[in-house]
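> Sequence:
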Amino acid sequence: MASSVILMCKYGEVTLVVMATRGFGFNDLVESIHRKWKNLGSFELFYAVADHHNCILDNDEDFCSMIALAAAYGVTCVDVSVGIISSPTIECVRSFEYGECSTFQGEGEDPLDKFCIHHETVRLSADWVNLLKCVGQKFRGGVDDCGLPRPRCDL
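Going by this note's numbering, the residue at position 64 of the sequence shown is 54; the numbering climbs one at a time, nothing skipped.
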């Protein structure tokens, strides 16, 4: 980034002016927006440069593309719009703060149990199944001798 770019972040009727200088990235922009509008839930970002409107700003790659596009057009000011993501079908029981991570599962809990309710029967051969090399392979003592090396006999 050769110089700074001014980001005009608009949410509703309020505009947040952010100076994007060298080292400023997508996460810094999101943190600035969150500090300004603390009650903002899930949101999405779009920007407009020259004739390109509603460009998605979703990650660092998009942020770098926005800065490069602004430099290519010689623009020092970029309009960024903050939009609310609303989903009428999804309801969240618990609210989360920005930066808080949730796995929605307890310690040691297998997430597959939520999707697959049947349990597989563990076979007696489960411990030595990887020792089988070919179909019809025999072990002298049966399962007990499965892991032991065979002595060679030359007649």
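In short, the hints are calculated from the structure, not lab data.
Remember, it's a predicted structure, so these values are computed and weren't measured experimentally.
We treat Cβ as the ideally placed atom computed from N, Cα and C, and that holds for glycine.
Fair warning: there could be bad hints in the mix.
Stated by the list, open to error - Pairwise CB distance ranges (calculated):
1. C124 with I46: 53 to 59 Å
2. H24 with L121: 54 to 60 Å
3. S32 with A62: 28 to 34 Å
4. L122 with S55: 20 to 26 Å
5. G13 with K123: 55 to 61 Å
6. K123 with S32: 49 to 55 Å
7. G13 with H43: 26 to 32 Å
As the list claims (entries may be wrong) - Using 25 Å as the maximum straight-line C-alpha spacing, the simulated SDA-like pairs for lysine to any residue come out as follows:
8. K28 with D41
9. K26 with D41
10. K0 with R25
11. K26 with E3
12. K26 with V(-5)
13. K123 with G73
14. K26 with M(-2)
15. K28 with T11
16. K28 with V4
17. K0 with L59
18. K0 with E51
19. K28 with A62
20. K28 with I46
21. K26 with V72
22. K0 with D52
23. K28 with A40
24. K28 with D48
25. K0 with I74
26. K26 with E51
27. K28 with K123
28. K28 with V125
29. K128 with C67
30. K0 with C45
31. K26 with I75
32. K0 with C67
33. K28 with L59
34. K26 with C67
35. K0 with S32
36. K128 with E51
37. K26 with D69
> Determine for every hint whether it applies to the structure shown.
Against the structure, the hints:
no., hint, verdict
1, C124 with I46: 53 to 59 Å, "holds (54 Å)"
2, H24 with L121: 54 to 60 Å, "holds (56 Å)"
3, S32 with A62: 28 to 34 Å, "holds (31 Å)"
4, L122 with S55: 20 to 26 Å, "violated (53 Å)"
5, G13 with K123: 55 to 61 Å, "holds (57 Å)"
6, K123 with S32: 49 to 55 Å, "holds (54 Å)"
7, G13 with H43: 26 to 32 Å, "holds (28 Å)"
8, K28 with D41, "violated (32 Å)"
9, K26 with D41, "violated (28 Å)"
10, K0 with R25, "holds (14 Å)"
11, K26 with E3, "holds (13 Å)"
12, K26 with V(-5), "holds (19 Å)"
13, K123 with G73, "violated (59 Å)"
14, K26 with M(-2), "holds (13 Å)"
15, K28 with T11, "holds (24 Å)"
16, K28 with V4, "holds (14 Å)"
17, K0 with L59, "holds (20 Å)"
18, K0 with E51, "holds (21 Å)"
19, K28 with A62, "violated (34 Å)"
20, K28 with I46, "holds (22 Å)"
21, K26 with V72, "holds (12 Å)"
22, K0 with D52, "holds (18 Å)"
23, K28 with A40, "violated (30 Å)"
24, K28 with D48, "holds (19 Å)"
25, K0 with I74, "holds (12 Å)"
26, K26 with E51, "holds (24 Å)"
27, K28 with K123, "violated (62 Å)"
28, K28 with V125, "violated (65 Å)"
29, K128 with C67, "violated (76 Å)"
30, K0 with C45, "holds (15 Å)"
31, K26 with I75, "holds (18 Å)"
32, K0 with C67, "holds (13 Å)"
33, K28 with L59, "violated (30 Å)"
34, K26 with C67, "holds (19 Å)"
35, K0 with S32, "holds (15 Å)"
36, K128 with E51, "violated (58 Å)"
37, K26 with D69, "holds (17 Å)"
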